[in-house]
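Student: Those sequence lines, one after another, are chains A and B.
Heads up: the first sequence begins at 1 in the UniProt record's numbering, then just goes up one per residue.
Heads up: the second sequence begins at 1 in the UniProt record's numbering, then just goes up one per residue.
Treat the hints with care, since some could be wrong.
[As the list claims (entries may be wrong)] Here are the simulated distance ranges between beta carbons: (1) A/Glu26 with B/Gly49: 19 to 25 Å; (2) A/Arg3 with B/Pro119: 46 to 52 Å; (3) B/Ala181 with A/Ala146: 53 to 59 Å.
Note that these hints are calculated values from the structure, not bench results.
No experiment lies behind these values; they were computed from the predicted model shown.
Note that the Cβ used here is the ideal one computed from N, Cα and C, for glycine as well.
The residues making up each chain are set out below.
Number of protein chains: 2
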Amino acid sequence: MARPRQFDEDRVITAAMETFWRHGYEGTSTRDLCDSTGLGPSSLYNTFGGKRELYLRALERYYATVTAEQVARLNEPGSAKERLRAMMLHSIDSDLDDAEGRRGCFAMNAAVEVAALDPDVKSAVRRCFDRVEDELCAVVGAGQAAGEIPSGRDARALARLVQSTYYGLRVLSRVQDDRKALLATVDSTLADL
Amino acid sequence: MARPRQFDEDRVITAAMETFWRHGYEGTSTRDLCDSTGLGPSSLYNTFGGKRELYLRALERYYATVTAEQVARLNEPGSAKERLRAMMLHSIDSDLDDAEGRRGCFAMNAAVEVAALDPDVKSAVRRCFDRVEDELCAVVGAGQAAGEIPSGRDARALARLVQSTYYGLRVLSRVQDDRKALLATVDSTLADL
DNA sequence: TTCGTTTTGAATCAGTCGCTTCAAAACCCG
DNA sequence: CGGGTTTTGAAGCGACTGATTCAAAACGAA
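Whenever a hint applies, use it, and build me the whole structure from the sequences.
Tutor: Below, the structure is given as structure tokens:
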């Protein structure tokens, strides 16, 4: 029928996600995106529509990959608290790793930078957060069923408490390099469950 | 000796802070700053040096005003838990208020958007966070002395736990409008102390 | 009033912004 | 191979970026 594309759409979105993740929405120019994806501007606009649409696609990709990994990590073998700890530990170590560029959590970055200005971004970010919350809830529920966590309190409420502390720690990790202090807070949270 | 300035430097910094706060660092242009401050570009550059320096001054101003208000709110009359609750409640209501433009916490915005790229911004933000942490620690200590909070655990550790949950809630408030759910998490945190 | 100093506004710098246009190239189907 | 369709690269759109220049204006001190 017609000329086929020379690029893999998934690869392009992944490359765009990396760029947005590292430099933010306003900090990323269309030329940056062309450079990192290897696409010319016409291909980029022809395929995705524009910078904003590509950003939304990048957030979807984040949900499908990184958020999925977080969920998977919560479902690895171990007690409920061990699994909660593993997820938080992994994120903190990732946040503090210079080799990863200290880019933090892409969904959180989008929440802070763009969510107030763009309802679609807000929805995409909430989708990530809600998915994590649901899985935290499941893990807490399992812990309660196993007698590891007291059943007196609502699993959802406990999950939200863990979730808040978790994202708070990821904020602090942007300016606070003391890994031990962050880990101590993780353990305080788990001890309270 | 020479021609005096036609503007009040404090007013200019405050106006610049509002603009940076609302639109972020990259989202604010020098012309935006000229418009909001009323200064011409030459006056602005002559006085402050450039956009980055003005941003740092804006962060200092945030510390001197908003962070100071948070600290003051922690020192109002009432029990320790009442004071902790008052601070968190005030911030959440501020975050959810459309009339305030849903701009969140300027220090947190700076932490997420700029801190990784600019050590001076990182320091300025940490100054805000550390000030809040210290005051939280004092309040927790007072609660322990009054018998309101068990003395078994380190006040500093408890303060950091509250602080993490606090900033986590402010992240969630960017995409989550359910005030009751956020407040429930505040109460869960306080109940655990 | 005159001098020396600083501030101010207007104009403008080269470079970049997000985005568009368009003709040539590349493909599949018949 | 020819016809129809899509993708591609290059060039460029007007607007805006952070920053600078410079002469005129506005003051205090002598």
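Student: The structure should be examined with respect to each hint, and the outcome stated for every one.
Tutor: Hints, one by one, checked against the model:
The supplied range of 19 to 25 Å is met by A/Glu26 and B/Gly49, whose beta-carbon atoms lie about 22 Å from each other. With their beta carbons about 49 Å apart, A/Arg3 and B/Pro119 fall inside the hinted range of 46 to 52 Å. Taking 53 to 59 Å as the suggested C-beta distance range, the pair B/Ala181 and A/Ala146 does not conform, at roughly 26 Å.
Violated hint: 3 only; the structure is consistent with all others.
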